[in-house]
Amino acid sequence: MISFDRVSKRYANGREALSNVSFNIHTGEMVFLTGRSGAGKSTVLKLIALLERPTRGAVVVNTKNTQALRARHIPAFRRGIGVVFQDHKLLADRPVFDNVALPLAVAGAPLKEIDKRVRAALDQVGLLGKERLLPQELSVGEQQRVGIARAVVSKPPLLIADEPTGNLDPDLSLEVMRLFRRFQDVGVTVIVATHDMHIVREFGERVITLENGMLQGDPPVDPLPSLVATR
Amino acid sequence: MSLGVSGGRHLQALFGSLGRLARAPFATFLTLLVIALALALPAALKLFVTNAQAATGNFASAVDLSVYLKTEVPLAKAQQLTQAAQQRPDVASVTLIPADKGLEDFRTYSGFGDALAALKENPLPHVLHVRPKAQASSAAALEALRNYFTAWPEVDLVQVDSEWVMRFNAILEVLQRVLVIAVVLFGIGVLAVIGNTIRLEIQGRRAEIEVTKLVGGSNAFVRRPFLYTGMLYGLGGALLAWGILAMIVLLLRDSVATLARLYGSRYMLEGLALTDVGALLGAGVVLGWLGAWISAARHLQRIEPRA
Chain W
14 MISFDRVSKR YANGREALSN VSFNIHTGEM VFLTGRSGAG KSTVLKLIAL LERPTRGAVV
74 VNTKNTQALR ARHIPAFRRG IGVVFQDHKL LADRPVFDNV ALPLAVAGAP LKEIDKRVRA
134 ALDQVGLLGK ERLLPQELSV GEQQRVGIAR AVVSKPPLLI ADEPTGNLDP DLSLEVMRLF
194 RRFQDVGVTV IVATHDMHIV REFGERVITL ENGMLQGDPP VDPLPSLVAT R
Chain H
283 MSLGVSGGRH LQALFGSLGR LARAPFATFL TLLVIALALA LPAALKLFVT NAQAATGNFA
343 SAVDLSVYLK TEVPLAKAQQ LTQAAQQRPD VASVTLIPAD KGLEDFRTYS GFGDALAALK
403 ENPLPHVLHV RPKAQASSAA ALEALRNYFT AWPEVDLVQV DSEWVMRFNA ILEVLQRVLV
463 IAVVLFGIGV LAVIGNTIRL EIQGRRAEIE VTKLVGGSNA FVRRPFLYTG MLYGLGGALL
523 AWGILAMIVL LLRDSVATLA RLYGSRYMLE GLALTDVGAL LGAGVVLGWL GAWISAARHL
583 QRIEPRA
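Protein chains in written order, with this note's numbering: chain W, 14 to 244; chain H, 283 to 589.
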């Protein structure tokens, strides 16, 4: 599903955020991307969502080499990826329904279908009945779940989340992660960038750890040894 | 995407834009007023020119040229020339007034009958009364006709009977040029106003645009509501301009009628014709769309999502 081949990313200010990073993520995997802030987690996600392009190396997402993708094909490419943010990036002046409906609207789905799928997505995150509320009328955890509903409403094969539990207490964090797990169960590839080691340990999924832009360890099964090493 | 679906999208974008405009009624009204005034000014000028043309239409089409032949030109030659003049495509009719007839008329109408009887021979030449076709009654066309007749060796003098009508037509022509210039300048003004309004709106909705692009919204999708907003501004401004013009006509109608009466005319001020209204509304919509498009093309490209 995702392949980084000797990827480096240097920003305009000269900072090298990633150096020579290679890894593969298979379809249907759930992967935690960990490391201190500034280690390059966000850069990896940005390269996947094509918010940035690599300076060197190749990033292949969904069988598409992002380097070769023309600007006019980027919208269609992004529709294949659901993105969840720490600050959830909801539109404050639009009700929950509109926020969740946005990915379907840009894809040109018929209104009837939008209605059906938005409700289904809200049902999945446990927010059915709150369609008409504005984001600030919801709790932080609920807002994050609206963000997740928006990310999955168009049923993308790939879901990426950047510190989705950064603002949540442990219980809510677990709840959100279980939600991601449920999407993995139905075949969605899930990548979660987080520095919440408690959660990473709890779930026991594959961990990719970055430090100073370099790959530290990518043990396929047991993440604990590398966790100890990098903390 | 089927046609019905994309139609639905457009309708949605249209109502979305309408709703946003309605949510800030005062700001929207101010913008509309500026656009309306910029549209109303050239339209008012057009109204003035049209009315001036209509009010003086009777005179303008009645411009005659009196072509005085030299006294030694015989009647037969004068008749020949009359026929030649008739051949010209810009001439409606030619009347030959032979010298004898001229003297007869003069004797009858001038009151100098007795004095004229003292003359041994007729001092008057033969005269051709040339009436140009209506479409050839512009100042330039009359001048060309005058030059044409002046060049004849048999012609002594060409007199355009209504010099002031020519002048008036020349003034109208100047006004028409001014009208074209005004249309262009104020059109650019409307473009600038709408472009700037859209720029501000794009800035105000930056977060929304970023998120929309992030979830895969194409440039066309992001642009669409702004194009509708621009068109609505243009259309609204044009409707308001129409209202302003209707009010002007209403306010001036009585005093213009009084003025016309003093000149022995029953002329009534005309409002905008249906085609003019159509042109005004069309111009508003097109300018609004274009201004929004230019602004969106400039500013939307630069907004890219940052995670």
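It is possible that some hints are incorrect.
[Stated by the list, open to error] If you only want the chain H side, here are some residues facing chain W, beta carbon under 7 Å, derived:
no.: 1; residue: F394
no.: 2; residue: G486
no.: 3; residue: E490
no.: 4; residue: V493
no.: 5; residue: G499
no.: 6; residue: S500
no.: 7; residue: I585
no.: 8; residue: P587
[Unchecked claim] Every beta carbon over 10 Å from chain W, so not counted as near; a handful from chain H, in silico:
no.: 9; residue: D387
no.: 10; residue: K495
no.: 11; residue: L532
These are calculated hints, taken from the structure and not from any lab test.
Fair warning: this is a prediction, and the values are worked out from it, not measured in the lab.
The C-beta atom is built at its ideal place from N, Cα and C for all residues, glycine as well.
Please write out, lowest number first, the hints stated earlier that are contradicted by the structure.
Of the numbered hints, 1, 2, 7 and 10 do not hold.
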